[in-house]
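Undergrad: Read off the chains here:
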Amino acid sequence: MRATDLVKRFGSVTALDGVSFEVEKGTVTGLLGPNGAGKTTAVRILTTLLKPNAGEAEVAGLNVVTQPDEVRGRIGLSGQYAAIDEDLTGRENLEMVGMLFHMPRAVARARANELLVRFDLEQAGDRPAKGYSGGMRRRLDLAASLVANPEVLFLDEPTTGLDPRARISMWQVIKDLVKDGTTVLLTTQYLDEADSLADQIVVIDHGRVIAKGTPDQLKREVGGERVEVHLLKVDQIQQATSALQFLATAPITSREDCVMVPVTGGGSSVVEAVRALDADGIGISEIGLRRPTLDDVFLSLTGHTAASEEAEAPRPRFGRRRKAA
Amino acid sequence: MSLSAKVSESSRYTAAHSKVYWAIHDGLVVTWRDLIKLPRSPDLLVFGLIQPIIFVLLFAFVFGGAIAIPGGGDYRSYLMPGVFVQTIAFAGAATSVGISTDMTKGLVDRFRSLPMARSAVLVGRTLADLVRGSITIALMSLTGLLIGWRIEGGFDNAVMAYALLLAFGYAMSWVGATIGLSVGSPEVAQTAGFIWLFPLTFLSNAFVPTQGMPDWLQPIAEWNPVSAIVAAERQLFGNPNPFADGSTLPQQYPILVSIMWIVLLLVIFMPLAVRRYRTATTR
Ligand SMILES: Nc1ncnc2c1ncn2[C@@H]1O[C@H](COP(=O)(O)OP(=O)(O)OP(=O)(O)O)[C@@H](O)[C@H]1O
Ligand SMILES: [Mg+2]
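In order, the protein sequences belong to chains A and B. So the first sequence is numbered by numbering that gives the first Met the number 0: it starts at 0 and just counts up by one. So the second sequence is numbered by numbering that gives the first Met the number 0: it starts at 0 and just counts up by one.
What the hints contain is simulated information worked out from the structure, not anything from laboratory work. From the three backbone atoms N, C-alpha and C, an ideal C-beta is built for every residue, glycine too. Keep in mind that the hints are not guaranteed to be accurate.
[Unchecked claim] One-sided and incomplete, this derived list gives chain B residues near chain A with beta-carbon spacing under 10 Å:
no., residue
1, Trp31
2, Leu44
3, Arg75
4, Arg109
5, Phe110
6, Ser112
7, Ser246
8, Thr247
9, Gln251
10, Tyr252
11, Arg274
12, Arg275
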């Protein structure tokens with residue numbers, strides 16, 4: 000799969016402003032970005048739902064603009080909002096999708112059964128989908144996107160709104176699919192999700208690709224480990240910064256009640272930091288060694304954390320992982 | 000775990016038949032989806048059926064005595080074809096609302112990402128509305144028979160009358176689909192889908208003879224497609240049809256003119272609706 004200089008404008012809004020990336024067959028690519036970054040727009044173009052204003056895209060070697068029908072025969076899409084018929088049962092939803100993939104009725108029926116079992120929906124399979132919980136809907140939607148065993152699977156925020164257990168089991172499902180050779184493009188606002196699933200991460204913001212690489216490459220770009228200290232008293236930030244100066248291998252930064260000190264000494268740096276702060280009578284509420292997460296990648300690339308965007312966004316759905324110290 | 004299907008299976012199935020075959024197949028699958036919902040909301044079905052029955056009874060008993068039919072004849076016999084046509088014309092409004100509701104749901108994205116015919120969602124919806132319309136017409140016919148309406152034109156003509164009625168309803172569904180796809184929301188479709196139907200059905204011979212209308216209105220009513228269909232129904236059912244006294248084309252050849260209207264509506268609105276559907280993205 001390949002996207003080249005994709006541009007998409009909605010009136011005066013430029014949702015995509017020259018996005019390019021490539022996805023190797025059989026790998027997972029995470030499209031990462033805050034609300035309004037253009038993730039859904041990119042997915043909609045690649046799945047033939049939208050036409051780009053400029054640029055080209057190829058999916059499974061087929062051009063999405065000139066060969067949309069061929070592309071549709073090979074992809075599965077599970078959009079940001081569950082695309083299921085509320086009035087039909089889970090089973091009927093899957094059978095309908097199978098028949099619209101032109102499977103004979105018996106085959107569609109067998110496939111529906113197989114997927115209901117696989118996604119733990121057998122019990123609910125004959126109830127109308129409007130009675131399903133959010134997690135069940137998500138699973139049904141994913142099942143619907145797998146009916147024709149697609150070569151390329153698009154998942155737009157597949158775990159948004161799921162509880163932690165459901166998220167983990169969704170991750171397992173995605174990993175299994177990749178093991179079977181499916182190519183996956185998933186969008187997410189959850190940095191840990193991209194971290195744990197993706198072979199490659201494409202970070203977009205305001206319709207532009209601002210970084211690309213493996214999770215490790217991106218983390219390396221941001222720098223090494225650091226000690227993070229949460230203070231009891233916020234007004235002691237200055238004091239703490241100078242007390243820890245001797246440990247720092249790069250400039251110390253701070254945010255709210257937290258001082259972040261780039262270090263190289265591993266666990267012993269934490270011990271030294273505790274001693275130094277204690278000697279100066281600075282109270283610690285939390286302290287720990289932190290390895291860079293994608294959250295940091297985000298901060299250093301965009302100048303704001305993905306979470307700080309949450310305050311401005313109308314749909315706060317951004318779950319930021321707080322690493323316990 | 001791995002699914003049993005092979006990757007190429009879907010395209011192999013598709014290759015086995017022509018595009019037209021799959022367009023019909025896909026349309027019928029969507030029809031099936033719309034129809035299996037019917038019995039699941041029985042209250043909707045019941046009220047949908049009660050409304051036209053109330054219409055028959057109201058017109059028959061309230062206006063029945065007040066309206067004289069030129070050339071004589073019973074008003075109830077005169078009325079029934081008019082109510083049939085009005086009811087079936089309003090099927091167009093149901094399609095407007097149904098389609099625009101569909102468009103607001105994520106399901107349309109699923110449909111648009113499948114290798115199915117682009118026309119299928121519209122074909123499915125209009126066919127399902129046709130089935131609903133047929134049930135309504137059957138029930139209204141029974142009500143009509145109970146209050147004294149009779150089919151007096153013979154069996155063959157009656158079959159043709161019903162066929163013409165449903166064909167007109169189907170064409171109106173495509174007009175409704177185009178409207179439903181042009182407005183922004185189901186709420187707007189709720190009004191936009193209905194509003195034009197009132198002048199269309201009332202500025203006609205459906206409920207009152209055109210002879211009683213003001214001079215400037217008469218040509219409008221005479222050339223209104225609804226008048227042609229109603230006159231064709233009256234002729235085929237053998238009910239009183241004073242409209243035939245006039246000399247215009249629809250008055251002289253209502254069946255022919257009706258068929259022309261139906262074809263014209265389908266030829267214009269089918270491609271228009273499909274095009275709107277193609278370009279519409281869900282909001
Ligand atoms: N149909 C549309 N009409 C007008 N503007 C749109 C449309 N779709 C998207 N946009 C705009 O394009 C930009 C990118 O939207 P997009 O949905 O791709 O973002 P996203 O990264 O998926 O965000 P989220 O995390 O909120 O889902 C936004 O500014 C959005 O308002
Ligand atoms: Mg989105």
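Undergrad: Determine for every hint whether it applies to the structure shown.
TA: Hints and how they fare:
no.: 1; hint: Trp31; verdict: holds, 8 Å
no.: 2; hint: Leu44; verdict: violated, 13 Å
no.: 3; hint: Arg75; verdict: violated, 39 Å
no.: 4; hint: Arg109; verdict: holds, 4 Å
no.: 5; hint: Phe110; verdict: holds, 7 Å
no.: 6; hint: Ser112; verdict: holds, 4 Å
no.: 7; hint: Ser246; verdict: violated, 52 Å
no.: 8; hint: Thr247; verdict: violated, 47 Å
no.: 9; hint: Gln251; verdict: violated, 47 Å
no.: 10; hint: Tyr252; verdict: violated, 43 Å
no.: 11; hint: Arg274; verdict: violated, 14 Å
no.: 12; hint: Arg275; verdict: violated, 16 Å
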